[in-house]
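Trainee: Sequence:
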Amino acid sequence: MEKYPHLDALATVASNHPQWNWYAIADSAQEKDLPGALTAVGGEVRCLLGATQGSPLAENSPHLVSLPSPARGGSAWEWIARMGVRKPCVTVVASKLEFGSLFEQLKQLTEIRLPDDTEMFFAFWDPAILGTLIGQPDDSTLYVKGPVFDNEQLALLYGGLSGWWYWDRDGEMHTIAIEVETPTIHMSKPLKLRQPQVDELVDASTPDHVLYYVDLNQPHLLRDIRPQARYGYVARALLGARDIGLETMKDLVNYVSMTLIYGKRWNEDSVIAGVLARVKNGEIRFSEAMESLP
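Here the sequence shown stands for residues 1 to 294, where the numbers follow the working numbering.
Simulated from the structure, these hints should not be mistaken for laboratory data.
Quantities reported herein were computed from a predicted structural model and do not represent experimental measurements.
Keep in mind that the hints are not guaranteed to be accurate.
Computed spacing ranges between beta-carbons, pair by pair [what the hints assert, rightly or not]:
| id | residue 1 | residue 2 | range |
| --- | --- | --- | --- |
| 1 | E181 | P219 | 45 to 53 Å |
| 2 | R242 | P183 | 38 to 46 Å |
| 3 | E247 | S270 | 19 to 27 Å |
Note that beta-carbon positions come from the ideal geometry of N, C-alpha and C, so glycine has one too.
Please construct the entire structure, taking both the sequences and the accompanying hints into account.
Mentor: Dropping the structure here:
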């Protein structure tokens with residue numbers, strides 16, 4: 001499969017582990033052609049949020065989809081190879097478990113409890129969140145490097161899995177290191193996060209939110225940046241915003257917008273540097289600083 005080197009790697013793994021079953025976690029909220037694009041004749045598919053297939057909720061939810069071995073190839077694998085590198089819509093898992101058992105294991109993880117016991121959906125299947133949860137060491141695109149989960153929580157996340165692969169925002173495939181296969185575990189209540197973990201996960205989503213608001217309010221500022229490069233630009237710009245103590249979404253969006261307006265001058269102009277230093281020292285707010293920029 002010279003056209004799809006990632007498939008060659010997975011096919012080799014499958015050949016070395018013929019006892020593994022192969023699945024995809026496919027997010028129809030990220031790609032409207034899912035899960036249908038991966039559903040073969042006789043293949044199984046279920047919405048991980050428990051919604052009926054074809055319902056409005058299911059049309060915007062993750063699905064577990066059974067796949068043939070990557071050693072056999074086929075249209076589903078070619079679709080994954082094409083689209084997995086373009087958008088965060090699919091991850092690949094291998095397991096000795098049959099479909100029903102793996103579904104029940106993963107479904108438990110779709111909800112979490114916050115420190116105040118509030119329950120909410122948990123998008124562990126999103127590659128950006130997944131990489132942060134586990135602290136994927138070779139993923140340079142992560143804004144929060146992680147790991148957010150402790151070893152006990154990772155054992156729950158990996159329960160019943162033999163292998164897991166995802167593609168980052170730059171289209172690079174990552175192999176999650178599941179060194180020891182852990183048994184499936186039935187949880188009577190959703191997994192509970194500690195407040196520092198909640199804070200890290202919220203912070204991990206900041207570049208996406210900032211990019212959304214810049215694109216919504218001033219899309220012209222992004223025209224000279226390729227769509228695939230915009231997240232990385234925002235993530236790098238936010239390092240400067242954090243360095244001068246900015247925290248609110250309004251300030252972060254305004255800061256990134258200013259870097260786009262001023263370009264290279266933002267990091268080279270001594271007057272701008274002096275204004276930003278006053279913000280960092282607490283002398284003025286960033287909203288006031290913008291009025292003082294040259």
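Trainee: All hints are to be evaluated individually against the structure, with a verdict given for each.
Mentor: Hint check:
Checked against the hint of 45 to 53 Å, the C-beta distance between E181 and P219 comes to roughly 47 Å, which is consistent with it. Judged by the Cβ atoms, the range 38 to 46 Å given for R242 and P183 holds: they are separated by roughly 41 Å. The beta-carbon spacing between E247 and S270, approximately 26 Å, falls within the hinted interval of 19 to 27 Å.
Every hint from the earlier list agrees with this structure, and none is contradicted.
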